[in-house]
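K.L.:
Turn these sequences into a full structure, and let the hints guide you.
Protein chains in written order, with our numbering: chain Z, 266 to 486; chain S, 266 to 486.
No wet-lab data here; the hints were simulated from the structure. Some hints could be false.
Said to hold, decoys possible - The calculated lysine to any residue pairs, modelled on SDA-like cross-linking and capped at a C-alpha distance of 20 Å, are:
1) Lys346(S) with Pro356(Z)
2) Lys320(S) with Asp396(Z)
3) Lys399(S) with Pro316(Z)
4) Lys320(Z) with Lys371(S)
5) Lys371(Z) with His318(S)
6) Lys392(Z) with Asp374(Z)
7) Lys329(Z) with Glu403(S)
8) Lys399(Z) with Met314(S)
9) Lys319(S) with Glu403(Z)
10) Lys348(S) with Asp355(Z)
11) Lys329(Z) with Ser353(S)
12) Lys319(Z) with Pro397(S)
13) Lys329(S) with Ser354(Z)
Unchecked claim - Distance windows between CB atoms, simulated:
14) Tyr432(S) with Lys471(Z): 49 to 55 Å
15) Tyr298(S) with Arg455(Z): 41 to 47 Å
16) Leu310(S) with Trp277(Z): 41 to 47 Å
17) Lys471(Z) with Ala451(S): 51 to 57 Å
We treat Cβ as the ideally placed atom computed from N, Cα and C, and that holds for glycine.
Protein chains: 2
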Amino acid sequence: MANDEVILLDSWPSMFGMRVRVALAEKGVEYEYKEEDLFTSKSPLLLKMNPVHKKIPVLIHNGKPVCESLVAVEYIDEIWKDKAPLLSSDPYERAQARFWAAYTDKLYDFGRRIWTATREEFGGGKKDLIDPLKLLEESALGDKPYFGGEGFGFVDIALIGFYSWFYTYETFGNFSIEAECPKIVAWGNRCMQRESVSKSLADPHKICEVLLEFRKKQGLE
Amino acid sequence: MANDEVILLDSWPSMFGMRVRVALAEKGVEYEYKEEDLFTSKSPLLLKMNPVHKKIPVLIHNGKPVCESLVAVEYIDEIWKDKAPLLSSDPYERAQARFWAAYTDKLYDFGRRIWTATREEFGGGKKDLIDPLKLLEESALGDKPYFGGEGFGFVDIALIGFYSWFYTYETFGNFSIEAECPKIVAWGNRCMQRESVSKSLADPHKICEVLLEFRKKQGLE
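P.N.:
What follows is the structure in structure tokens.
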């Protein structure tokens with residue numbers, strides 16, 4: 266796959282884009298990163314490559330698009346299968362990983378409610394976000410170092426982008442995720458020790474700054 | 266896998282349950298079917314086997330639960346892999362199938378809006394349902410007999426349960442799906458010629474009757 270052309274249409278604060286970035290980094294795949302400015306206009310390439318959802322991330326492999334972040338991560342795992350397997354070879358473990366990875370998607374809406382809340386509503390979304398994080402902590406992570414066990418894998422990749430948003434959720438929601446879900450935060454810190462993660466995730470403070478600007482423009486601050 | 270114990274927790278009108286039923290039938294897997302009455306109370310077994318979502322369908326294979334219908338279908342394809350492959354062996358085709366299968370999920374909410382609408386709202390939800398069906402017709406099915414090409418597979422299984430709800434959507438929405446999406450209806454008829462499908466799908470008129478009763482109880486009729 267040395268001569269493969271790999272392009273990623275992405276937006277730097279996207280936790281879904283981060284999934285694809287981390288997966289490519291785990292596999293050691295070189296790619297061209299193309300930043301989409303979602304606040305102004307979407308590029309003709311994005312509209313052409315993802316006409317259905319018109320959303321990032323889009324992985325373009327030798328000219329062919331793969332849309333939806335978890336679909337792309339699984340595709341990456343299947344194409345570059347000789348290095349850093351992300352899904353177990355056991356069908357039951359694969360099913361469990363797919364179940365929990367899909368579950369992490371719901372964090373997006375709960376998180377969004379927090380950073381789009383008015384000042385008066387602040388704190389109201391805490392339970393909605395903490396409850397699924399606690400469920401992930403208790404039912405899926407437990408005392409294992411990673412969701413799949415000893416090795417970093419599919420569910421870790423699904424969730425890790427949200428970790429870079431924790432600071433934003435805590436700032437606008439006025440609560441501490443670590444106080445509620447210490448094992449999840451410890452897991453996030455553990456993942457950050459991997460170069461594939463630390464180099465792929467956005468700076469939490471930068472995310473928070475951008476959203477503060479967004480809130481000001483929306484009249485929420 | 267001859268001595269496997271396979272149990273399906275399901276509810277007969279569920280298009281998501283139908284996915285698992287069709288997949289098991291395609292593979293020739295015998296199983297015990299347990300009907301859940303979702304309108305009264307959920308069984309202790311369902312609550313134990315799917316504590317996260319508390320929803321059917323749940324496939325229980327040798328005592329271990331697999332939740333979420335598309336996860337279960339993929340699990341079935343991986344466990345009983347020697348017969349009737351549902352996903353292609355080509356990673357790009359697999360990614361495309363996963364993308365479109367996930368896309369079909371959104372039909373549920375659009376359809377639900379139609380059969381929960383008041384009499385005055387009837388017809389309002391037509392475009393919301395027809396637009397994604399047209400997209401599926403034009404972008405994913407085209408002139409192929411099945412979504413994956415010549416063979417019945419993953420996307421067909423994802424969508425076919427909705428086909429048994431078409432009569433209900435048409436009745437309460439007051440429109441003809443065949444007039445708008447003739448290729449989708451022809452595809453559904455083609456799928457119904459397979460015993461795995463015809464024996465797994467619910468009777469469209471029975472679905473409609475049950476929903477009429479539901480609507481009366483809700484004061485919508």
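K.L.:
Hints the structure violates: just list their numbers, smallest first.
P.N.:
none
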